[in-house]
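Participant: If you read the protein sequences in the order shown, they are chains A and B. Taking the numbering used here, I'd label the letters of the first sequence as residues 1 to 327. Taking the numbering used here, I'd label the letters of the second sequence as residues 1 to 496.
Take every hint as true, because none was put in to throw you off.
Covered, in the sense of this in silico footprint (three residues per stretch, anywhere, with C-beta under 8 Å from a C-beta of chain A), are these stretches of chain B: (1) 191-204; (2) 213-222.
In silico negatives: residues of chain A with every beta carbon more than 10 Å from chain B: (3) His3; (4) Tyr35; (5) Lys48; (6) Ala62; (7) Gly66; (8) Ile73; (9) Gly108; (10) Asn167; (11) Pro185; (12) Asp188; (13) Ala249; (14) Pro298; (15) Pro300.
Here are some chain A residues the structure puts well away from chain B; computed CB gaps all over 12 Å: (16) Glu13; (17) Glu30; (18) Met45; (19) Pro58; (20) Phe92; (21) Lys101; (22) His130; (23) Pro142; (24) Asp153; (25) Val189.
Everything labelled a hint here was simulated from the structure, so no lab data went into it. All C-beta atoms, glycine included, are put in the ideal place defined by N, C-alpha and C.
So the chains spell out like this:
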Amino acid sequence: MTHSLRFRDALREAMIEEMDRDDRVFLMGEEVGHYQGAYKVSEGMLAKFGPRRVIDTPIAEAGFAGVGIGAAIVGLRPIVEFMTWNFSAVAFDQILNNAAKMRQMSGGQLDCPIVFRGPNASARQVGSQHSHAMEHFYAHVPGLKVVAPAFPDDAKGLLKSAIRDDNPVLVMESETLYGVKGDVPEGDVLVPLGKARIARQGTHVTIAAYSRMTHVALEAAALLESEGIAAEVIDLRSLRPLDENTLVASVERTHRLVVVHEGWPYGGVGAEVVDRVQRLAFDALAAPILRVATLDVPMPYSANLELACIPQPERVAAAVRRVVGEF
Amino acid sequence: MAKVLDMPKLSPTMEEGVLSAWHKNEGDEVAVDDLLAEVETDKATMEFRAFDKGTLLKILAKPGAQVKLGQPVAILGAPGEDISALVAQAAGPAFPPPSMPGARPPTPAAPAAQDAPAPARVPTDIRASGVVERRPGGGISPETIPPPETSAPPAQRDPPVGSVLERTAFPAPGFGDGGQAGPDAGGRVLASPYVRKVAREKGIDLQGAHGSGTGGRVLPTDLDTMSVQGASPLARIAPTAPPAGAAARAPLLEEAEVRALSPMRRTIAKRLTESKTTVPHFYLRIDVDVAELMKLRADINAELASPASAGRAANGGGAEAAKVSLNDLLIKACAIALVHVPECNASYSPDAILVHRRVDISVAVAIPDGLVTPVVRNADRKSVAAIASEVRDLAARARSRKLKPEEMSDGTFSISNLGMFGIDEFAAVINPPEGAILAVGQVRDVPVVFDGQVVPGKRLALTLSCDHRVVDGAIGAAFLAELKRLVEHPLRVLAG
Chain A
1 MTHSLRFRDA
11 LREAMIEEMD
21 RDDRVFLMGE
31 EVGHYQGAYK
41 VSEGMLAKFG
51 PRRVIDTPIA
61 EAGFAGVGIG
71 AAIVGLRPIV
81 EFMTWNFSAV
91 AFDQILNNAA
101 KMRQMSGGQL
111 DCPIVFRGPN
121 ASARQVGSQH
131 SHAMEHFYAH
141 VPGLKVVAPA
151 FPDDAKGLLK
161 SAIRDDNPVL
171 VMESETLYGV
181 KGDVPEGDVL
191 VPLGKARIAR
201 QGTHVTIAAY
211 SRMTHVALEA
221 AALLESEGIA
231 AEVIDLRSLR
241 PLDENTLVAS
251 VERTHRLVVV
261 HEGWPYGGVG
271 AEVVDRVQRL
281 AFDALAAPIL
291 RVATLDVPMP
301 YSANLELACI
311 PQPERVAAAV
321 RRVVGEF
Chain B
1 MAKVLDMPKL
11 SPTMEEGVLS
21 AWHKNEGDEV
31 AVDDLLAEVE
41 TDKATMEFRA
51 FDKGTLLKIL
61 AKPGAQVKLG
71 QPVAILGAPG
81 EDISALVAQA
91 AGPAFPPPSM
101 PGARPPTPAA
111 PAAQDAPAPA
121 RVPTDIRASG
131 VVERRPGGGI
141 SPETIPPPET
151 SAPPAQRDPP
161 VGSVLERTAF
171 PAPGFGDGGQ
181 AGPDAGGRVL
191 ASPYVRKVAR
201 EKGIDLQGAH
211 GSGTGGRVLP
221 TDLDTMSVQG
231 ASPLARIAPT
241 APPAGAAARA
251 PLLEEAEVRA
261 LSPMRRTIAK
271 RLTESKTTVP
281 HFYLRIDVDV
291 AELMKLRADI
301 NAELASPASA
311 GRAANGGGAE
321 AAKVSLNDLL
331 IKACAIALVH
341 VPECNASYSP
351 DAILVHRRVD
361 ISVAVAIPDG
371 LVTPVVRNAD
381 RKSVAAIASE
391 VRDLAARARS
401 RKLKPEEMSD
411 GTFSISNLGM
421 FGIDEFAAVI
431 NPPEGAILAV
441 GQVRDVPVVF
451 DGQVVPGKRL
461 ALTLSCDHRV
471 VDGAIGAAFL
481 AELKRLVEHP
491 LRVLAG
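Can you make the complete structure from the sequences, with help from the hints?
Facilitator: If you want it as structure tokens, here you go:
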């Protein structure tokens, strides 16, 4: 049985189910309680669980991220919401040096079962300081897990798995996806961390994407279909650990790969995907792997320039035409 | 405004065609729907008609040329129009693999043919991130940039728009020095890891290969047309030098005569390999007594040849039509047997078995350089005489390559007869997606025991090849038993 939910409602359903299931789970962050969530993800949760489990924090990310990590170390299972992942930059030290290192530095004596979540990457015209794709920074760090769902069912299933995982898990959402609707299975259905899904089947080329770029990739695939190119779209869902098996199996069928993500081209998740595929599927490749990423500049405020910077379906399609048409 | 005419898709399975003859000359006026040329496809010789009116300015594909789908064959426009840019474009590389006709990117003014004047060698910053080595004289190291005769004219070296991600070892057309490259000074062939792997598996030596991709890159689709020894698809008709090892072992062997693969030969190779490697064949053989059938055939033909019938035929379909062969009778007998055993009139698909409600019998017809299988539709509902005249017409048109593709597709069962060549019996390869094929040998005069006496008899060997995914042994046996019953009581063939 499924029901249709918006992305934000799917996230809320995951948190409520996990808080009902395990009283060690609690939510904290800016405006999560009385304001009902900056993006209404936590709407109604304060009334349901009370102020001991739905905690409004001051505007002090380094502080409340650290409080959450401390709580996790001593046995609770916090969900820490960043109003956007841009603001996690001031809490970076806590995540990098405490959350990610605690198990290793304690010789395995301490766990840090914490979830950090919030909207990531560009929204619409929020300027260069509020449009960062932060997953690239965090996926770099051993000791962290990073997921980036594109659809409501994955949002719910991955968040539930994240809350139950004994490691710090970072959930990258998107302001522009919160209103997206989709069928979500009813009941306690988990999506495992580290498994990609094939969002569309195709034979001529594989497009790997995640979060909002999965939707862009699907639009590109629809454009390409009218030109006779059947593109397979892989929604990575999980960025660390990365599901290299699904990627390699797909490229062994299509022989061509284009990777799409927000965030700058230098290094990052796309570069990681390219490295894995060229090593593990070298003999399957009929063309260089191309990446489509945000342009290598700070995000402009102007709406037209912003559109030109962020990968759009036509830019993805152009990259696909190159790897299909020329090689 | 002149335009390039590309090779059109003239049959559902066509991937390339041989331009057998032009019906217009350069300079001729062309009206919409005028016959431009004849094209030999994998199935038949097809008419290539004009979609637009204009003047045929230039013929790009000479008669006899083998042209892939979507490749340019001619230029149509107004008299006196300057078409030099279009000619150059048409002579340039064509990107899309033939299986993806829609995949052609907007073609920039691509490098002209090899004999175009060489542009001056200019230094470039396009690949400036350490890739291009500048020399003191301003030239470019031959190790990194191949000879200039295939490089793009300087006018197209616009700086790239877009991000660093658009650069590849092999530049995009219109992106800087697109179109150059080709085998480099060390003779390294341009081929991706995937192409090299497939070539290894197929035993194709890529040494010296020049593919259809930009700058001679060998594309995956090029491998389909490369011979096991040979390299260049362009050079495949010419005898290629044998590999060094082979030459050392057998220097005195005379070279084989090289005959180009016709589109039909390629299709036969592809489809029969697919059938024999993917369809689980098994074979059932039965000997049937055809004495009665032969007698009936003689009677029918004697009757048809009688003055009364001949007169009717002369008024109707012509005297030649009035003769029935053993094969015609067997087609009818098979059709009736298939109605009684419909499980033999079936096709396998990954999801379900398709049991056909129509009985459409493919008849293998040998023609010069191959064979085709025209289809007698609804053979169960036609008289033997109607089948006879239809088969005669189909066979005649098959030999003159005038069958339409739809007349050779969508059969439900095949019959192949080699009796006229003195073959006693044989087993045929199934014609997918059909579920079975009947192989018919020659009628043999044999001694048979009848009522304790050895008497002369006539026997015919029939071998049924079955797709075991559809037809099990018992089903195939039931079909053959029914066929035997019909053949040995041939009035049933006429009555059915």
